[in-house]
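Visitor: If you want the building blocks of each chain, they are given just below.
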Amino acid sequence: MSSMLDEPVLPDTGATPPPPGKPPVQVPKWRRDLRPYLLSVPAVALIIGILYPFVIGVIFAFQNYSAQTTRNRRFIGFENFQQVLTPGGTFFIGHAAWVTVYYAVLATVIETVLGVGIALLLNRSTIIGRIFEKVLILPLMIAPAIAALAWKFMYNADFGVLNHVLGLGTFNWLSADTALYSAVLVDVWIYTPFVAILVLAGIRSLPREPFEASSVDGAGPVYMFRRLMLPLIWPYILVAVIFRFMDCLKIFDIPQVLTGGGPGDATTTLQVSAFKDLINNGQYSRGATYMFILWIIVFITARVLVGVLGRAQRRAAGAED
Amino acid sequence: MARRELMPGQKRLTPGGVGAEVLTVLWFVFSLFPIVWLILLSLKSTEQQQNTFFTFTPTLDNFRFVLFGQTGSDLRQGLFNSLITSAGAVLVSLIIGIPAAYAAGRWKYKGSDDLMFQMLSFRFAPELMVLVPLFIIYRQTGLLDSSLGLIWVLQLVTMPLVVWILRSYFQDLPPDLEQAALLDGYTRTQAFVRIALPLVRPGIAAGALLAFIFAWNSYVFPLILANNELKTVTVAIATFQGGGGQIYYNHAAAAALIGALPPLILALSIQRYLVRGLSFGAVKA
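Protein chains in written order, with this note's numbering: chain X, 24 to 344; chain V, 65 to 349.
Some hints could be false.
As the list claims (entries may be wrong) - Subject to a maximum C-alpha distance of 30 Å in a straight line, what follows is the list of computed BS3-like cross-link-like pairs (lysine-lysine):
#1 X:LYS52 / V:LYS348
#2 V:LYS348 / X:LYS157
#3 X:LYS157 / X:LYS175
#4 X:LYS299 / X:LYS175
#5 X:LYS52 / V:LYS172
#6 V:LYS348 / V:LYS172
#7 V:LYS174 / V:LYS348
Derived by calculation from the structure, the hints in this document are not laboratory data.
Next comes chain X alone, as it looks inside the complex:
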């Protein structure tokens, strides 16, 4: 830190110097206090603008609004919730919720394990690693809808390249039993690099001394990873897990493009299901009810995970001292 007497040096940004001798402008305190609020006004307006349809959506969930009932639309209380939450009912949410959570947990776990592994491999910094690091993010930057289309071609049972290369004959990647796993595989292909580059950044930000010290003490690589590196990069891993898990809970484009939610309802996640209700069936209220329940799931999960992240960050900060 520079001493108080040092004159702060302005960076050279090409700005013209102010006229000399002009006294600092005095602004009344109340106007200074108001500044951050004024700067945030447009953003707040935008938030309110987006909250408006959100609130309308919540209202839909308590109405009987559909393309068929446009004229006698009315409030029906919790009837929609009762319908979609009654096990065995025609509109029971159970299957879609199960598909969604299963997909999210499976994809997040696989991507986290693989992502951490790839980060460790790339951190070795050999020639091969350095070359590949440049192209690591390519799948992540292709639109998931386009990536899903490419995989749909590769999955084709009759002339898809996967069966040809892997020698699987006419294995059906998109059958009722396999489609969900095939969708997760596309997710893994796209998003593992996301986990990997976050964790790699975490590893590269670590202090060197503890590792040198424990190396001198004769610690093996496994012990060093588990006892030293993992606690320190845990916050980075958690950030990746949070982003992946939350995004997977609202997955839409991959199952929609790959199979349209099928075969049957094998890959019908909550968002795919709500999309069907909205576009195909004109069931606005039921779609909104699905989304309201998904929103509650996402909201609670976010709260829990962000709390865990906060604790991990504090612990990692303490461990560094």
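With chain X held as given, fit chain V onto it using these hints.
Guide: Only chain V this time, still in chain X's reference frame:
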């Protein structure tokens, strides 16, 4: 040769490390194979499109067809629509987002955390929660299939990104710099425009480009709100079947590559800033 400083966990190539190199190569075969395959497919003629061999006579006919053939106007229109709506969304996000990010990065004021978390919740909210009502509102007001309507919802993608990334850049900027400028007789606004803003230029560029990529790649928003004349490139490609009754995988592959190229090029140009951008500034690198 100068010994390079090694980061924790790094090792020079040893016989035992060869296994690690093999694993690295294996991942990248898996990771790059679909892209390579897509490129090969896009270069195949229609007669060859269903064979799975890697040797064939490459042709650029598919690219010519999807861009200039009978259905070419669809893809061209899609590219144009994506460009207009993505750029529009980024522009609005910058104009609204930069002041908010500066306020959140410089001052701790009542409600600032709430505001930031409200923004972040956009990132995690299920899109259809908002899209169901917007679809109906837009249909009633004629905003369906309008670029204004699509730009408005794409804010859900771009705005939180821009604000959160730029906030972390403003936080890293020492307040002394602006203080010094104030002592020199700058007004607060001048200090912001002439000192702070130029110094976060890398952040603005990275945030804007990443926001553009996300807007370009988004699928569910244009699928529901811009399905006819305003069909964007992702929607156009996901339903791409080529001409006539037959399905032309080679045409679709060419179209897919054209649609994927802009984000790929932009991403490679901001690779240094990607970690911070993708993690919303939560991870600084």
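Visitor: List in ascending order the numbers of the hints, as given earlier, that are violated by the structure.
Guide: Of the numbered hints, just 1 does not hold.
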